[in-house]
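Order-wise, the sequence lines are chains X and G.
Numbering of the first sequence is given in this note's numbering, commencing with residue 667 and proceeding in unit increments.
Numbering of the second sequence is given in this note's numbering, commencing with residue -7 and proceeding in unit increments.
The hints are simulated quantities; they were obtained by calculation from the structure and are not laboratory data.
No false leads were mixed into what you were given.
These stretches of chain G come out as covered by chain X in the derived footprint (C-beta under 8 Å, 3 or more residues):
{"#": "1", "stretch": "28 to 37"}
{"#": "2", "stretch": "40 to 50"}
{"#": "3", "stretch": "95 to 103"}
Here's a subset of chain X near chain G, in silico, CB distances under 8 Å, partners left out:
{"#": "4", "residue": "Tyr698"}
{"#": "5", "residue": "Lys715"}
{"#": "6", "residue": "Phe717"}
{"#": "7", "residue": "Phe768"}
These numbers were taken from a predicted model, which means no experiment stands behind them.
Every residue, glycine too, gets a C-beta built ideally from N, C-alpha and C.
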Amino acid sequence: AQSVTQPDIHITVSEGASLELRCNYSYGATPYLFWYVQSPGQGLQLLLKYFSGDTLVQGIKGFEAEFKRSQSSFNLRKPSVHWSDAAEYFCAVVPGTDKLIFGTGTRLQVFP
Amino acid sequence: AAGVIQSPRHLIKEKRETATLKCYPIPRHDTVYWYQQGPGQDPQFLISFYEKMQSDKGSIPDRFSAQQFSDYHSELNMSSLELGDSALYFCASSSSGGRYSGNTIYFGEGSWLTVV
Chain X
667 AQSVTQPDIH
677 ITVSEGASLE
687 LRCNYSYGAT
697 PYLFWYVQSP
707 GQGLQLLLKY
717 FSGDTLVQGI
727 KGFEAEFKRS
737 QSSFNLRKPS
747 VHWSDAAEYF
757 CAVVPGTDKL
767 IFGTGTRLQV
777 FP
Chain G
-7 AAGVIQSPRH
3 LIKEKRETAT
13 LKCYPIPRHD
23 TVYWYQQGPG
33 QDPQFLISFY
43 EKMQSDKGSI
53 PDRFSAQQFS
63 DYHSELNMSS
73 LELGDSALYF
83 CASSSSGGRY
93 SGNTIYFGEG
103 SWLTVV
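Kindly produce the complete structure, drawing on both the sequences and the hints.
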């Protein structure tokens, strides 16, 4: 069955430090890949998405993600984290049907 | 720009009551999705509609039903509510054309349902 794995449940970084959130997917072909962010009590905001082409995707708020087919990964990165980036981050795929399948999420905590 | 509108934003119901959530998709979007997110959980797909017809079904309990109306808004009806139904319910929309081709799926801010 198609699945999305986010191995890190909780990550803590200092403000200004770099960030990488991991995401692996399990699917026979290359799915459509997404990263969403959810602030406490808020809805889901799309950070970026990958469909095809350049494997390094730029998103909003200074985030980027790199698709690596050989590793079935789509890790999210940011070179310098801001306190306002503290939130829950969800990796998601559309594996060929028309619905999103979410990973379990990674909670990011940022210390000053 | 118009976003996905959900109402009510917060709802408190007692066990065994009925609740109805409404969703107004982005104009000209033809597909609506419903997701349920329990406390500390990832969003789980419930059901979707394309052009007012059910297009896919996920882990939606039999006590729940949904439909999409002629104006494309959608309603999620939940009956015989249980404590475990307390969750954040998201509606999302996209212009999928009936077959997903990479269009962004936009989410509303969600409706908080608390069952007491």
